[in-house]
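Student: Below, each chain spelled out in residue letters.
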Amino acid sequence: MSDSPTEATKQPPMKVVKLRHPWRIVFAVVLLAAVAVFVIDAAQREAFDWPSVGKYVFDQRVSMAAGYTLLLTVLAMVIGVVLGIILAVMRQSPNPVLKSIAWVYLWIFRGTPVYVQLVFWGLLSTIYTTVDLGVPFMEAWISFPTEVLFNAFWLAVIGLALNESAYMAEIVRAGLLSVDSGQHEAATALGMGWGKTMRRVVLPQAMRVIIPPTGNEVISMLKTTSLVSAIPFTLELYMRTRDISVEIFNPIPLLIVASIWYLAITSVLMVGQYFLEKRFARGVGVRPDAGAGPVTASMSAVELEQTDAEAAIGAKHGGDAR
Amino acid sequence: MSEQTTGAVGEGTATTDATTPMVLAEHVSKSFGSNEVLKDISLEVKRGEVLCLVGPSGSGKSTFLRCINHLEQVSSGRLSVDGALVGYREAGGRLYEMHPKDISKQRRDIGMVFQRFNLFPHMTALENVMEAPTQVKGVSKAKAKARALELLARVGLAERADYYPAHLSGGQQQRVAIARALAMDPKLMLFDEPTSALDPELVGEVLDVMKGLAKTGMTMIVVTHEMGFAREVADTLVFMDGGVVVETGDPREVLSNPQHARTQAFLSKVL
Ligand SMILES: Nc1ncnc2c1ncn2[C@@H]1O[C@H](COP(=O)(O)OP(=O)(O)O)[C@@H](O)[C@H]1O
Ligand SMILES: [Mg+2]
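Protein sequence lines, in the order shown, are assigned to chains A and B. Here our numbering is used: the first residue of the first sequence is 29, the next is one more, and so on. Here our numbering is used: the first residue of the second sequence is 24, the next is one more, and so on.
Treat the hints as calculated values from the structure; they're not laboratory data. A couple of the hints might just be wrong.
Computed spacing ranges between beta-carbons, pair by pair [said to hold, decoys possible]:
hint, chain 1, residue 1, chain 2, residue 2, range
1, A, F172, B, R117, 49 to 59 Å
2, A, S128, B, A169, 44 to 54 Å
3, A, A64, B, A220, 54 to 64 Å
4, A, V163, B, Y119, 35 to 45 Å
5, B, A220, A, L177, 58 to 68 Å
6, B, A220, A, K127, 45 to 55 Å
7, B, G81, A, V163, 53 to 63 Å
8, B, Y119, A, I170, 41 to 51 Å
9, A, L283, B, A220, 58 to 68 Å
10, B, A114, A, G210, 44 to 54 Å
11, A, A168, B, E120, 36 to 46 Å
12, A, V144, B, G115, 28 to 38 Å
13, B, G272, A, G210, 29 to 39 Å
Keeping only pairs whose Cα atoms sit at most 27 Å apart, straight-line, the calculated DSS-like set for lysine-lysine is [claimed, not checked]:
hint, chain 1, residue 1, chain 2, residue 2
14, B, K164, B, K124
15, A, K224, B, K168
16, B, K166, B, K124
17, B, K210, B, K238
18, A, K224, A, K306
19, A, K224, B, K164
20, B, K234, B, K124
21, B, K124, A, K224
22, B, K128, B, K160
23, A, K224, B, K166
24, B, K128, B, K164
25, B, K234, B, K292
26, B, K164, A, K127
27, A, K224, B, K210
28, B, K210, B, K234
29, B, K160, A, K224
30, B, K62, B, K292
31, B, K128, A, K224
32, B, K166, B, K210
33, B, K62, B, K166
34, A, K306, B, K210
35, B, K160, B, K124
36, B, K164, A, K306
Every residue gets a Cβ at the ideal spot worked out from N, C-alpha and C, and that includes glycine.
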């Protein structure tokens, strides 16, 4: 970089013989061969029962179940994210009561297995047989039996969402902490209230930090929905395919069917994450060095590319440039 | 600029007229825990006055500025802007804490420019300048945009309106930050070391914008280490050290003939 750019670029290009990596090729060939053997073997193996896989993968019961799984995932995540934001904000609150409540909530919901929590939710109507309206500890005015109120699907959604919110709270909190305090200050000084500052300034920036781990959570949630049989709710993908496999006395093809659907949904969700990340990457990433160094904005992309090229040339030529 | 004391053209409430100082600090103290950062500060900034605040690092300059728009709460004393107490309402000889909404309202009239610019990185220069008028004052998008473009032109950045802060130099970012503060039509502008984070060759462009602003009669409090700027533009120079105002006066006099040993010691380091 210390050389003047013209001198560096004037040098005739050198012929470079690329370094070969013979062992990489050998390793790749061995691996590919092993995969091929496995695939060919699997295609012929009776136990996988591919005809059944083909038959059931688009079975209406299965696609309905996949719909339920997706619905459970989306609803539980949406509620989980909203509650997570509330909990994260509570944890930053100056009010010690709010702070401790949020802490205890996190302690309980992160500290117990989600399966155990779901069993509890399933037993809710056993524990609380009626919902009473009135003055606490007095004769109720109106009383509903809870069996009518609590349906298995919503219990599953709530059970998953409450567990999720404890994890989301920490993810959101990390996101909020990642935003420079100067941002809060600048917005405040402009006369923006706390809510506007959060919504317009802090959260959009926190999103960059929040989205990648949230994508992980969504995919993890998709798979956790297979545990809601604990409620019991049995219309989702895993239990439904299990029920069918009992009918045909072969669990293996339907496990494959379920896996195909889980993979398909995961792939769709990953595409969604890609677009979300792009959306919230506005204004960052292109020139992370700007503002810090003495580079002026008048420097065009072409000039930047040139400097990169210079650097590359300098690196290749090593000492002999001098 | 500081002789606007004659007219009796009251433009606001009964407490405000052209003779009311823009900022009035009376025995202001501020402590963080047991650390007393501001000690019994009294000073006055008249309408249209440019006051430069200088002093060593840690002397409480930023804290004083932040008290003026209630980013910090004073511990004791009275601080008012344009005749109204900052952050408090006075009734029957008592002070009542204001609701955050009302404090936000007070802040709208006070522009602040930070050392680290603090532009919103996810918004373009134009969006940065439009944000507060549209979100806080409810100005229509079209109006806010026209005004923002006008302000960006004024700070010499008309053609950078659609750039994100990360694509602007430090000097350009700071000029956008000034435009952003001006978009709220403040009656008072606070500058906290606006050029301290800039590379030397970019300092001039920001100071030029500030000089232009001073010429329009804007009341300004500027914390700075640029003594040339203070000498040329300021009506008053205040030297602070250890949380107290050590010396106040005409900048040319204070700079060439400082009265206090502490001022002399400081100036010998920065000049
Ligand atoms: N939020 C805060 N909490 C505790 N101490 C603070 C806080 N802000 C500033 N201080 C202290 O107040 C003193 C003055 O700081 P500051 O006003 O930033 O000085 P200056 O701007 O003149 O360099 C410093 O000693 C600093 O450590
Ligand atoms: Mg400071």
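Student: Note whether the CB distance of F172 of chain A and R117 of chain B lies within 49 to 59 Å or breaks it.
Tutor: Check passed, 51 Å falls within 49 to 59 Å.
Student: Are the Cα atoms of K128 of chain B and K160 of chain B separated by 27 Å or less?
Tutor: holds, 9 Å
Student: Sort out whether K124 of chain B lies within 27 Å of K164 of chain B, counting only the CA atoms.
Tutor: holds, 23 Å
Student: Holds or violated: are the alpha carbons of K234 of chain B and K292 of chain B at most 27 Å from each other?
Tutor: Within the cut-off at roughly 25 Å; holds.
Student: For the pair supplied as a hint, K224 of chain A and K166 of chain B, is the alpha-carbon distance within the 27 Å limit?
Tutor: Distance of about 21 Å is within 27 Å: holds.
Student: Would you mind confirming whether the straight-line C-alpha gap from K210 of chain B to K238 of chain B stays at or under 27 Å?
Tutor: Holds: K210 of chain B and K238 of chain B sit about 14 Å apart, inside 27 Å.
Student: Does the structure keep K224 of chain A and K168 of chain B at a Cα separation of 27 Å or less?
Tutor: With a Cα-Cα distance of about 20 Å, the restraint between K224 of chain A and K168 of chain B holds, given a limit of 27 Å.
Student: When you take the CB atoms of A220 of chain B and K127 of chain A, is the distance between them in 45 to 55 Å?
Tutor: violated, 34 Å
Student: Given the hint of 28 to 38 Å, check if V144 of chain A and G115 of chain B actually sit that far apart at their C-beta atoms.
Tutor: Since V144 of chain A and G115 of chain B have Cβ atoms about 59 Å apart, the given range 28 to 38 Å is violated.
Student: Evaluate the given range 58 to 68 Å for the C-beta pair formed by A220 of chain B and L177 of chain A.
Tutor: Holds, since A220 of chain B and L177 of chain A (Cβ atoms, about 59 Å apart) stay within the stated range.
Student: Between K224 of chain A and K210 of chain B, does the CA-CA distance stay at or below 27 Å?
Tutor: holds, 23 Å
Student: Given the hinted pair K224 of chain A and K164 of chain B, is their alpha-carbon gap at most 27 Å?
Tutor: holds, 17 Å
Consistency note: the structure conflicts with the earlier hints numbered 6, 10, 12, 20, 26, 33 and 34.
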